[in-house]
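Chemist: Sequence:
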Amino acid sequence: LLALAFGLLLALLCVEVGVRVYAPQNESVGGGLLRGPLTTPGEHRVRTPEYDVKVHVNAAGFVDREWPAARAGTDDGVPPGGVAGGSPPPQEKEVIVIGDSFVQAAQVPSEARFGARLEAGLRAAGVPANVLSMGVPGAGTATALGVLETYALPRRPDLVVLGFLVSNDVLNNHPLLEGKDDKPFYVLRDGDLVAANAVDLVVTSPLWRWSAAWRWLTRTEAKRAVAERKVSLGQGMPIDLRVHDPACIPGGTGGPTCAVWDEAWAVTDALLAELKRRCGEIPFVIVLFPDRVQVERAAEWPGAAGWDFDAAQARAAKMAAAHAPVLDLLPALRAAGEGPLYLRKDGHWTPRGHATAADATVPFIVSQLR
Numbered sequence: 001l002l003a004l005a006f007g008l009l010l011a012l013l014c015v016e017v018g019v020r021v022y023a024p025q026n027e028s029v030g031g032g033l034l035r036g037p038l039t040t041p042g043e044h045r046v047r048t049p050e051y052d053v054k055v056h057v058n059a060a061g062f063v064d065r066e067w068p069a070a071r072a073g074t075d076d077g078v079p080p081g082g083v084a085g086g087s088p089p090p091q092e093k094e095v096i097v098i099g100d101s102f103v104q105a106a107q108v109p110s111e112a113r114f115g116a117r118l119e120a121g122l123r124a125a126g127v128p129a130n131v132l133s134m135g136v137p138g139a140g141t142a143t144a145l146g147v148l149e150t151y152a153l154p155r156r157p158d159l160v161v162l163g164f165l166v167s168n169d170v171l172n173n174h175p176l177l178e179g180k181d182d183k184p185f186y187v188l189r190d191g192d193l194v195a196a197n198a199v200d201l202v203v204t205s206p207l208w209r210w211s212a213a214w215r216w217l218t219r220t221e222a223k224r225a226v227a228e229r230k231v232s233l234g235q236g237m238p239i240d241l242r243v244h245d246p247a248c249i250p251g252g253t254g255g256p257t258c259a260v261w262d263e264a265w266a267v268t269d270a271l272l273a274e275l276k277r278r279c280g281e282i283p284f285v286i287v288l289f290p291d292r293v294q295v296e297r298a299a300e301w302p303g304a305a306g307w308d309f310d311a312a313q314a315r316a317a318k319m320a321a322a323h324a325p326v327l328d329l330l331p332a333l334r335a336a337g338e339g340p341l342y343l344r345k346d347g348h349w350t351p352r353g354h355a356t357a358a359d360a361t362v363p364f365i366v367s368q369l370r
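Quick note on my numbering: the sequence shown kicks off at 1 and runs consecutively.
One should not assume that every hint holds.
Claimed, not checked - Estimated spans, in silico, between C-beta atoms of each pair:
1. Val187 to Gly255: 40 to 48 Å
2. Pro331 to Gln91: 30 to 38 Å
3. Asp262 to Leu4: 55 to 63 Å
4. Pro331 to Pro283: 39 to 47 Å
5. Arg47 to Glu281: 40 to 48 Å
6. Phe364 to Asp310: 18 to 26 Å
7. Gln91 to Glu281: 52 to 60 Å
8. Ala195 to Arg370: 36 to 44 Å
9. Lys54 to Val15: 18 to 26 Å
10. Glu66 to Ala195: 42 to 50 Å
11. Asp262 to Glu338: 36 to 44 Å
12. Ala3 to Gly236: 27 to 35 Å
13. Gln91 to Tyr22: 38 to 46 Å
Think of the hints as simulated: they come from the structure by calculation, not from any bench. This one's a predicted model, so the numbers in the text were calculated from it and none came from an experiment. Using N, Cα and C, we set each Cβ at its ideal position, and we do this for glycine too.
Between the sequences and the hints, there should be enough to build the whole structure, so can you do that?
Modeler: Below, the structure written as structure tokens:
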């Protein structure tokens, strides 16, 4: 019995060491604005069957390089989480991009990410700018609002860019459609946005705080449960696809979840208005990010065969245009020609996808900054 107990303990210790070395896990439960394992400052290795990259999490908790110090004249000098480096020259513009995992871009090398490619493109166009990426995986517009208020606005940037992914962001804004509940939500009451309570997926314990292996196991199980819930909510297909359901577009025949989707669109509209309002005199623009289903006009789920994957994008473009200048990247990505733009299983942009999206965005940003 002693030998068995010792062997079991040794095996658990090996698992713990293996996770700490090959899949480090921070202790964050992700219930606040910053979600996911990539929030602890430092270097992190991200490895899946499709990619193997090292990412840097800066002092503020975002996957990005260390940011320059906030310029003189800002509200409090530095944003929460701190910064590193000197103040940028006064002639340089500061552009902040907020959004979800497409902005975070933890699937590609640092120089290949949307923000880095956008900065390089702006400088090549004669507009010296620092582009700061504030991407939060799984973020909806409610999370973007919190990131704007907490991290972006204190820096008084020259431009705020919202990366909006119609296939995710609308459902992310409604707790009855979203598969994860560890994020901020708002509901509409008499036309006003009211914050709703969010419940963490993980309840911390001494074992959670001590064991990286337990955190990895818990997070893996949570991801599996979320994936199952998404298919359940989507009535046999991922709920993300239902934003393209022709039954729920204006003039459609209606369906079991269409009323909830209508609420999600209404909350999204109100959140975009609030983002614009809080930016005040700081210019605010919206860039629509399409997903692979929209670019390829095809879904792998038989129930979505023959759907119009342009209608939701057009609806989002019209809604966004009521609040800010809008750039729709769908035409540029469809015209990109040969070469993969999206990871087949992961669904995020490849380096070529990031480059194509950034190159198409540069003229739009240049026009806004000038």
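Chemist: Compare the structure with each hint and give your call.
Modeler: A quick look at each hint next to the structure:
no.	hint	verdict
1	Val187 to Gly255: 40 to 48 Å	violated (21 Å)
2	Pro331 to Gln91: 30 to 38 Å	holds (33 Å)
3	Asp262 to Leu4: 55 to 63 Å	holds (59 Å)
4	Pro331 to Pro283: 39 to 47 Å	violated (23 Å)
5	Arg47 to Glu281: 40 to 48 Å	holds (44 Å)
6	Phe364 to Asp310: 18 to 26 Å	holds (20 Å)
7	Gln91 to Glu281: 52 to 60 Å	violated (20 Å)
8	Ala195 to Arg370: 36 to 44 Å	holds (37 Å)
9	Lys54 to Val15: 18 to 26 Å	holds (23 Å)
10	Glu66 to Ala195: 42 to 50 Å	violated (32 Å)
11	Asp262 to Glu338: 36 to 44 Å	holds (39 Å)
12	Ala3 to Gly236: 27 to 35 Å	violated (50 Å)
13	Gln91 to Tyr22: 38 to 46 Å	holds (45 Å)
Taken one by one, the earlier hints fail for this structure at numbers 1, 4, 7, 10 and 12, listed in ascending order.
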